[in-house]
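Colleague: Given next are the chains, with one letter for each unit.
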Amino acid sequence: MSSEDDLTRLSATELAERLAAGDTTSVQATQAHLDRIADVDGNVHAFLHVDVDGALEQADAVDRRRADGELLHPLAGVPIAVKDLLATKGMPTTCGSRMLEGWIPPYDATVVERLRAAGLPILGKTNMDEFAMGSSTEHSAYGPTRNPWDLGRIPGGSGGGSAAAVAAYEAPLAIGTDTGGSIRQPGAVTGTVGVKPTYGGVSRYGLVALASSLDQAGPVTRTVRDAALLHDLIGGHDPRDSTSIDAPVPPVLDALDGDLTGLRVGVVTELGGEGYQPGVRARFEESLELLTKAGAEIVEVSCPSFTKALAAYYLILPSEASSNLARFDAMRFGLRVGPEGVDAPSAEQVMAATRAAGFGSEVKRRIILGTYALSSGYYDAYYGSAQKVRTLISREFDAAFGRTDVLVSPTTPTTAFEFGAKLDDPLAMYLNDVATIPANLAGVPGLSLPIGLADEDGLPSGLQVLAPAMADDRLYRVGSVLERLLEEQWGGPLLGRAPELASSTGVGR
Amino acid sequence: MTTLPGLVGFDEALETFDPVMGLEVHVELDTATKMFCGCPTGFGAEPNTQVCPVCLGLPGALPVVNGAAVQSAIRIGLALNCSIAPWCRFARKNYFYPDMPKNFQTSQYDEPIAYDGFTEVDVDGDVFRVEIERAHMEEDTGKSLHVGGATGRIHGAVHSLLDYNRAGVPLIEIVTKPIEGAGARAAQVARAYVAHLRELLLSLGVSDVRMEQGSMRCDVNLSLRPVGQQTFGTRTETKNVNSLRSVERAIRFEVSRQAGVLGAGAAIVQETRHFHEDTGETTAGRVKTDAEDYRYFPEPDLTPIEATADWVEELRATLPEAPRVRRARLQQAWGASDLEMRDIVGAGALILVEQTVAAGSSPQAARKWWLSELTRRANETGVDVSELAITPADVAGIQAMVDAGRINDKLARGVFDGVLAGEGTPQEVVAARGLEVVSDDAALGAAVDRAIAASPDVADKIRAGKVAAAGALIGAVMKEMRGQADAGRVRELILSRLT
Ligand SMILES: [Zn+2]
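Chains as they are written, first to last, in our numbering: chain W, 910 to 1418; chain G, 6 to 504.
Quick caveat, the hints were computed from the structure, so don't treat them as lab data. It cannot be assumed that every hint is accurate.
[Claimed, not checked] Lysine-lysine pairs mimicking DSBU-like chemistry, simulated, CA-CA at most 30 Å apart: (1) G/K98 to G/K148; (2) W/K1273 to W/K1331; (3) G/K373 to W/K998; (4) G/K244 to G/K182; (5) G/K98 to W/K1217; (6) G/K415 to G/K466; (7) G/K471 to G/K484; (8) G/K373 to G/K415; (9) G/K484 to G/K466; (10) W/K1297 to W/K1217; (11) W/K1297 to G/K148; (12) W/K1273 to G/K98.
Let the hints inform the model, and build the full structure from the sequences given.
Modeller: Encoded structure:
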């Protein structure tokens, strides 16, 4: 089958065009992706749950709506994968944890509701580090997702499943969530596009909270245009999320392929240099040259507090997480484990036994960290100080955006590492997110796009664009131009260079 | 188990010790929906029928603040002469409890919406000023029902049932500053304060304030210090003291108990105590130690509440008259004595009497019906007088018929029976039960003539000028007429025949 006939090789935009033109149907497109999942997911393990019947049913419904002449969303009929952190009515939602094994939410997250309303068949739920805690999906209770570029390497995390699904052509689109880089970092290491919108830009209702003040859902795609289409679909005010921004946002789609002449692009000193892999740095420098050629003006900016971002993040995140995860107590839903050797256990004993059995070690580590950081006597020193650092970071972003229109940096310090490389060293694992975390602390939007393969290992590296809060359109303006210039150099998308995945027929889930 | 030192009599204790109290009152607001979701708040529904993903704390669900609850909180704060925070936040109070779906309570910590107020309480005619520390917003928990234990308590239970209907119902917690200087009147002051708060909240229309249903709950902090000493002693917190009488009893008991402990040279343990309605005693609960750490932090799922000056002034304009001012005004308008007013307020009938007067009744008649006839019936059926199935307009209507001579007081009682039994309006009851007095002079005259003929000796006395003797003849006529006669008219007819 030539790639032109293979519906899974099309971008979402291309597939949408064919659907609109009546050249194919959503049922055909959805079936093609389900077949692809059946073929390769045994190797990739991007999915925790595949909803064959549900996806085909939704595809059929949208085909009928189209046949009836209904005016449909541009992405109608394009199938999508959803991170298992989002509540999906009638479909398992585990957050990669034993704690929620078998839990079927009675309601849809707002994002999911919007996908369904627009007629995007949901292929299934994607793998992730347990409760989004990790940068490799190695912390999933259901086994890791493998990087389609090299099955011996991590796909990033926590949203490794969504990124790998898109990179492996198992889905043209996916939803991720980004608390410290969980959309952007997997995007960078799998050669895909990932966007963390402005905090409050996309409803958090139905996202199982890791850190409420940092979490944000966003698009995971293969092209910047696809991301823009999905961003406009899932974004916008939701009265069920009090932190959702209640203001009109200009469509990011309109920002694509804009002119970069005179655009001031800031390179953040603290998000590069030492500790960054040479091949990653080389591709980043080349991208800066392309931006200069496109008319942008490159400015060096320093944000000294960004070096404290990781430390502040690992106090704020565990603090909020320790409280958010308290509800997993075996009383109303999810796992319930009785304590061993206790005849008539109390509710408290059941809670303790369940939490001991249901949470993995990384989750426990962060719950303990957060509980400690919030304790009276330590609150000011830990949580309080971290919030001060957060304020400083926001101010430095403000100052930097006073002199520049966008900021850029490598998305991650390195390309994808091998499984197990950092599993015993949490601090080394945490360093993966050193460049992505400041955006979450300040609530500003960020986009990661592939910028080429590192010379050392031939693996993808990414560049992230950061913009002021509510100026998500700038991400797309810069991202779409850079993507075009890079693809002109490469002679096609970077993913075209990924090795063909061997079939795993018979092993598919 | 150590042996408890004996109790010291309340009055005796107060010769040596000065009580310091702190009252924490939780009030459930009667908003249509819960604090952070759209579920209804009605009391008494089937278990777990007023729940949703938000108030069940399901993964991913998010809270949205109920604006009506914030409005009520600000009005309560203003009525308690508090400052209203122009900017405040919710905070999470973290602890594990099966009743509490999220295992944290969304509350307020160091940024309450209302703070630094006071309120003036009448205690036997004196005005006692109670300083208010704060009033803050929070959500209620669910309820556990322990099955299999002897007394519905968790001890001995084989399993527990959880009802989350109450989870997320808006609460306001009103906390006093330490109440000092009440001395021997400590228990009365506490009771009067809670009663006063109840009346205030009722007049604001923010809660039904039913202590027996738990929509108003009181925790009593109490410590003793030797008379003349400035520093506070160690306090205990007695939880869930849920009637006015219990507030008074709990304080009396704790004063006696603590005086006994201190008198024996022992120390008060800082602890939570439980009040027992049956015995009027308190018993030790959890020991409060420094280990109790709620790990408060600002609720990241909610945005801060900004109470603009304009909004606060708008709400201030909606405040009802202060209870003391209102009572004074009504007392003067009604020409009631202090004692009469205290009775009306004590019976919880102030609004009822006021509305009855507004419906056309005289203050005396309104007070008479509500405090005697209707209070007695309420007591008999074990409900609040305000819960009786009769409206102030009904009472005024019955009195109007008495004034018009259509019925007398005795017949009126029958009308009350009928209205309370749901037989209709007072007019309908009078018609259906045939309670109207006989105003036909011919019929009455005949009855009078028969009475005179039957008692010639009494008639002679009246003819001789002993008018007081007419009572016997009136009684005879009323008896013959089965009470359905206007006694005044009967008297007139008798006297016109014999004098
Ligand atoms: Zn609810």
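Colleague: If any of the earlier hints don't hold here, list their numbers in rising order.
Modeller: Hints 3 and 11 contradicted; others consistent.
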